[in-house]
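Colleague: Guided by the hints, dock chain B onto chain A, whose structure is given.
Protein chains in written order, with the working numbering: chain A, 1 to 310; chain B, 1 to 310.
Incorrect hints may have been included.
Which copy is meant is left open, because identical chains are indistinguishable; a pair holds if it fits in one copy or across any two.
Stated by the list, open to error - Dumping the calculated DSSO-like pairs for lysine-lysine here, alpha-carbon to alpha-carbon at most 27 Å:
(1) K249 / K219
(2) K264 / K16
(3) K241 / K16
(4) K265 / K16
(5) K33 / K301
(6) K265 / K301
(7) K249 / K139
(8) K242 / K139
(9) K249 / K305
(10) K294 / K16
(11) K33 / K241
(12) K305 / K139
(13) K244 / K139
Hints were generated in silico from the structure; no laboratory data involved.
Since the structure is predicted, the reported quantities are computational estimates derived from the model, not experimental observations.
Protein chains: 2
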Amino acid sequence: MADWTTYFEGSNPPEKYDENRTRIQEFVSRHSKDGRRLVLVTSGGTRVPLESRTVRFIDNFSVGTRGSVSAENFLAQGYAVIFLHRLNSLEPFTRHFSRVNFLDLLSLTTTAEGSADVQVDPQHTARLVGVLQRYQQVKETGTLLSVSFLSLSDYLYLLRAAAEAFSHIGPAAMLYLAAAVSDFYIPHNELPEHKIQSANGPLQITMQMTPKMLSPLVKEWAPQAFTVSFKLETDTSILIKKAKQALQKYSHQVVIANILETRKKTVTIVTRQEEQVLLMSDSELEAGMEIEEKIIADLVKRHEKFCQES
Amino acid sequence: MADWTTYFEGSNPPEKYDENRTRIQEFVSRHSKDGRRLVLVTSGGTRVPLESRTVRFIDNFSVGTRGSVSAENFLAQGYAVIFLHRLNSLEPFTRHFSRVNFLDLLSLTTTAEGSADVQVDPQHTARLVGVLQRYQQVKETGTLLSVSFLSLSDYLYLLRAAAEAFSHIGPAAMLYLAAAVSDFYIPHNELPEHKIQSANGPLQITMQMTPKMLSPLVKEWAPQAFTVSFKLETDTSILIKKAKQALQKYSHQVVIANILETRKKTVTIVTRQEEQVLLMSDSELEAGMEIEEKIIADLVKRHEKFCQES
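Okay, chain A solo, but in the shape it has when bound (with noise of 0.2 Å):
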């Protein structure tokens, strides 16, 4: 397995790195003097290139429903949320409408001095209020700060930088890694430069181990953080015992474990200490509530007595 310094040495970084990274560093420095605690949201799949000139890649199912849920309960908590996302992936409060076409809900009409003009459909206006105000609000306390990333490595260079952004502040920080990040990769250099061509037969890719970031995260970038890892899984027979695992390996604070299918119903909050299992009722799913609601209530509780502990 590539190590994650030989990881960071045989690929670049994303456009925009320097400008993010700052981006970054200020929000968590001016949060952090505000007294507020802090969480990175990590959300959306990330891109692996089969192609240097990239046409095809390797992806996962993710769109960044779990991320987006859970960064707009954050800051319904009164966190500072640095949500690091895949691009044109779910987002807070825009998320809301993602099946909607936006101009289903507006009319033409006509002003008084008869030029065309354009208005929300009174229908409509009940389902925006609500979440037009929280949105505004959070852009008035400037309580969220959106980047996003692309490619496995675009993604890995700002987790890092986040993290080490995180190492100043201790046990306020939370890093909530909720993407699903590709376990598998092509280095830069095997990398063939021109679109595969399709006339030379079947295709046989081969792809090298991710280097588990987690290790160096919990190590060396943010050390006194508390740190969520997720994981997903088809199998429930290996499910616990894979968070377990994990729990061991890095020596981090909480494994989130769902089924791919049952995500959005159960989840089970893996510590350590103990086991604790989140459920929601079919009358809860049916009212509209998400699973993500209970999660952060869950982990603001753990992160506050993390604090008073450490």
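Modeller: Positioned in the frame of chain A, the structure of chain B alone reads:
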């Protein structure tokens, strides 16, 4: 290479397949009776699963710009458009706001009765009016049918359904195949059921070549239609040669040849008789013009001639 009949036998139709096929048939029949020309615009990339309960998949970079812009231009030219697109890729009209957080276009206000209301921020009205007028006109005339796909097999099933619906209306139908279709796939019976485990070491993937559906499309499904395919490469030295080879192999009408880096600035319309280069000047690009306007204007003329000669 798997033959196309074998491909369909070894894969399942997408969800709501019968419903979508019926929608397509009715759309074609209605507009054909009204004397409108019809075009199928395919757009965005196809997802190829690496696992049967899909966490990971292979995808490509397409966000659907070519397809969504082209669909708008076909609508402007009076065509009825079946827009067969990758779920969550760009769509006609809304694509103009794809980089905008639409909540930023709105303001919270208070009604005369003191309750919260939502208004379009006046500074954004001008930008919205034009698009909204065109969008509402298309809704009123019912000339746009949107159908979405996710995976390669979803796409191929729906492509065949649309082509077969077109077989009843002869040369009045155009197929404009702008979707970025995967050249490779893993047959359903070779997919692992569960998420590939990273602990098993480096990942070896063997993919089969996707059967070339242009062949049955031109020969069997819609032999009288005007068919336009795309050739996208990163290597200029092979582009035109590959376009000509495709025309010879499949005997369809047009290949639009383009290079990844310059595809918004220049394309070559390749037919068996000629090669027509379309180019955007810097001033046209700066004025916000799009090359698809020229492409569609060119194709509409060719289609007109094709109909007269058929």
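Colleague: Work down the list of hints and note, for each, if the structure agrees.
Modeller: Hint check:
With identical chains, the CA atoms of K249 and K219 are at most 27 Å apart within one copy only, with a shortest distance of 11 Å there and 59 Å across copies. In this assembly of identical chains, K264 and K16 lie within 27 Å of each other by CA distance solely across copies; the values are 24 Å between and 35 Å within a copy. Proximity of K241 to K16 under the C-alpha cut-off of 27 Å is found in neither arrangement, the shortest distances being 40 Å within a copy and 38 Å between copies. For the homomeric pair K265 and K16, the shortest alpha-carbon distance between copies (25 Å) is at most 27 Å, but the shortest distance inside one copy (38 Å) is not.
Only within a single protomer do K33 and K301 lie at most 27 Å apart by alpha-carbon distance; the minimum there is 22 Å, versus 66 Å between protomers. In this assembly of identical chains, the alpha carbons of K265 and K301 lie at most 27 Å apart only when taken from the same copy (21 Å versus 55 Å across copies). In this assembly of identical chains, the alpha carbons of K249 and K139 never lie at most 27 Å apart, being 39 Å within a copy and 57 Å across copies at closest. For a Cα distance limit of 27 Å, the shortest separation of K242 from K139 qualifies neither inside one copy, at 39 Å, nor across copies, at 51 Å.
In this assembly of identical chains, the alpha carbons of K249 and K305 lie at most 27 Å apart only when taken from the same copy (23 Å versus 69 Å across copies). For the identical chains of this complex, K294 and K16 are neighbours neither inside a copy (36 Å) nor across copies (34 Å), given an alpha-carbon limit of 27 Å. Taking CA atoms no more than 27 Å apart as the test, K33 paired with K241 passes in neither setting, with 40 Å inside one copy and 63 Å between copies. Within a single copy, K305 and K139 get their C-alpha atoms no closer than 29 Å, and across copies no closer than 56 Å, so neither meets the 27 Å cut-off.
In the homo-oligomer, the alpha carbons of K244 and K139 never lie at most 27 Å apart, since the shortest distance is 39 Å inside one protomer and 54 Å across protomers.
In the structure shown, a violation is registered for the earlier hints numbered 3, 7, 8, 10, 11, 12 and 13, in ascending order.
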